[in-house]
Amino acid sequence: MRKRLTLWVFVLPGLLLYAVLFVYPALAGLFYSFTDWDGLSPSFQITGWKNYDTVLHSLVFQKALWNNLKFMAAVVFGQTLLSLVLALLLSGNRRIYVPLRALFFFPAILSTVSVGLIWSFVYDPGIGLLQGLFNLLGAEGLAPSWVGDRRIAIYSIAAVQVWAHTGQMMIVFIAGLQGIPAELKDAAAIDGGGRWRIFRSVTWPLLAPSATIVIAYTTIQSFKAFDLIFTMTDGGPNNATEIITTYIYHLAFSSYSFGEASAGSALFLVLLAALTWLQFKALRADRISY
Amino acid sequence: MTFLRRSVLLLYSALIVAPLYFVVVTVFKSSPDFYAHPLGWPLPPTWTNLLRLFREQPLWQYFRNSVQVTAGTVLLVLLLGSMIAYAIVRFRGRTAGLLFMIFAAGLMVPSQVNMLTLYDLARKLNLSDRPLGLILFSSALLLPLAVFMLSGFMKLISRELLEAGSLDGCGEWSLYWRIAVPLVAPSLASTAAFLLVVVWNDLLLPMLLLGSKSRLTLPLAILQFRGEYVTDYPMLLTGVVVTSLPLVVMFLFLQRYFIAGLSEGALKG
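Sequences listed follow chains D and X, in order.
Everything in the first sequence is counted per the numbering used here, starting at 3 for the first residue and increasing by one.
Everything in the second sequence is counted per the numbering used here, starting at 182 for the first residue and increasing by one.
In case anyone wonders, no lab produced these hints; they're calculated from the structure.
Please note: incorrect hints may appear among the correct ones.
Unchecked claim - Here are the simulated lysine-lysine pairs, DSS-like style, with alpha carbons at most 25 Å apart:
1) D/K283 x D/K226
2) D/K52 x D/K65
3) D/K5 x X/K336
4) D/K283 x X/K394
5) D/K65 x D/K226
6) D/K226 x D/K5
Unchecked claim - Examples of chain X residues toward chain D, derived with CB under 10 Å:
7) P219
8) L232
9) M264
Stated by the list, open to error - According to the in silico footprint, chain D covers these stretches of chain X (three or more CB under 8 Å from chain D):
10) 239 to 249
11) 282 to 292
12) 331 to 343
13) 414 to 424
Here a beta-carbon is modelled for each residue, glycine too, at the ideal position from N, C-alpha and C.
Chain X extracted, bound-state conformation:
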């Protein structure tokens, strides 16, 4: 490696690591220590912020809410999206083209455009402030992207394989479930990783649909911590670190799927 290459990489690594390092260190600092030496090593390191945060905030409740909404949405989108993608591949011809167009059109409409009517419709359908409502709305908004990504993957399955299965007396359900789904499983996994990041981190839709404190998902919860710990960076940053941990741990183990999924999402979205 040349000197120049090495210095650029080192500099950019520092740019990524430095903010994260100081945030993590702050978790273990008492407030007086932090305000006296904001960038120093914690003297002595303390668990106070963590204990206080778990005592003062219904964190487990927020985790449960986030897990419930994220799991529900990711599973529903994968199921409905892969079924539609399968049908598009099997229909062929005009019907397939039309279906594809209908969903692809949704890619041009970002959820920010609909924020008012989504908010209004949720109230009218009695889906406001309910995890189920958030799951259904999130799924509807993510479905176009999922159909787009998944039908791209399903098209790669050889047509002969499905037709051979069909001749052997397989119905559409078993073709879908026993041949198509297993064949695209790795792509389903990266699509799932992509959806997971989007839903887990989403702010706008939960903000529009959820009202009561006990329903909040994690991004909304840490925004609320900011209101409560307005001058207390150690507590606020502890909230940031604790709520980010689940995805960070998953990323460490499943990097491949996250990186593939998030760049696929960029290519198609």
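In isolation and in its complexed conformation, chain D is listed as follows:
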């Protein structure tokens, strides 16, 4: 009994901090989503589902959701494919591979604000790096306005996200590859399997758990992305890069509709919880043993 009492002393400080500064704000947010509070005045009214109705019918919210899906699709596709290819190339034991892995991983330790500003320079229409490249190739007039053009801005930012986090996902794949016993591949090779065949029938099925982790993590990260868009375009031009998190931020701190913003947050939470749940399901389903 004494032991259990002492153990509660280990738990209490953290539990208290978590309850007051994490759980309470989360629940309070849910409550405010049913009110018309503006975040400043002491009084507010309970308005039921009205905020949810307003948010779901708001054109900007719909646009933000759609942009977020485009952003997610581009990042998940680009990042998963690229990190898998790099991992396959770098999973061996050559001495040069270690510094290359570190180099590819490196952007992950930079702050998103730094990455955003570095790429604002790369994309700059006047003196940017890409413009310089186009000039070098004698195609001055052909460079698009990377983050100024409404049609491509969200993809330009997706490319930056891929640049920053591919190396990190590559490490997850490399860990997965190194967990595959070499005998399995050797046996397949002896049985006459070509390289592509070995990859498809041996490596890929055993790599599936890593792929699930990478895809799930990347999906969730691309919904959480806030810093990058806030730094590079702040949702512009003309809401072309507004995603759900920046939409909530603008609703709360530019238009002072705390109630509506809370409703947006609650919808966002439902979406993320569903994704996390799917992630757990997928991780279970894909477990392969050998």
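Assemble the complex: chain D is given as a structure, and chain X must be docked to it using the hints.
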């Protein structure tokens, strides 16, 4: 290495290095030089941007703020997280499962969801615009992930070892401090590296909680430089390079922990 493999690796290295190279070179360029030849070698290289940035901005103050908040948060999260993880491993059974669930549930709630109420609560508790407030809020938000990671590591400690210690008359505190913590020390180090990167680079929470200029952390500070040096890329990029240096230097020496920590964080978060 085949030709194809070599070219892919070379191409991707160029993709990573090129933007970084031009950013670093720009630090040593005067503004007129930069606008005349944005991608050329600095002629002649100059320290002007660096000197000007340190003269015009309270950079040391920003560094101090970032160090204070990051160190405070990382230490607090490691301490509280490892204590909870230890208790979860020792409790076993239903209590352990319940505690684990309570914290794991927090993993489903990203801080972006709570931005309004965090902002509001900080004002009400008089924790706005104070380093202590930022430390407490950051810690609360990172605690679920830390508990998740650390209890995974603590479970690997053999139960017999702790029980043997207990029979020898060790109390829970000395079991925790003398056996559990030293045994998971390498994992604590990679968790620390992960937390360090997250807290040092965080933008949203400092933006919600800090107001006055003298309190800003580095990511907020460089966002503010952008406002001030709006057409002056050399100054802005100098700010980016200078504020990134501490983590870059640490990464060079402690790569192993950063790479392990950040991929562990991805696996669990």
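Now the hints, each set against the structure:
no., hint, result
1, D/K283 x D/K226, "holds, 21 Å"
2, D/K52 x D/K65, "holds, 20 Å"
3, D/K5 x X/K336, "holds, 19 Å"
4, D/K283 x X/K394, "violated, 46 Å"
5, D/K65 x D/K226, "holds, 16 Å"
6, D/K226 x D/K5, "violated, 41 Å"
7, P219, "holds, 4 Å"
8, L232, "violated, 21 Å"
9, M264, "holds, 4 Å"
10, 239 to 249, "violated (count 0)"
11, 282 to 292, "holds (count 7)"
12, 331 to 343, "violated (count 0)"
13, 414 to 424, "holds (count 5)"
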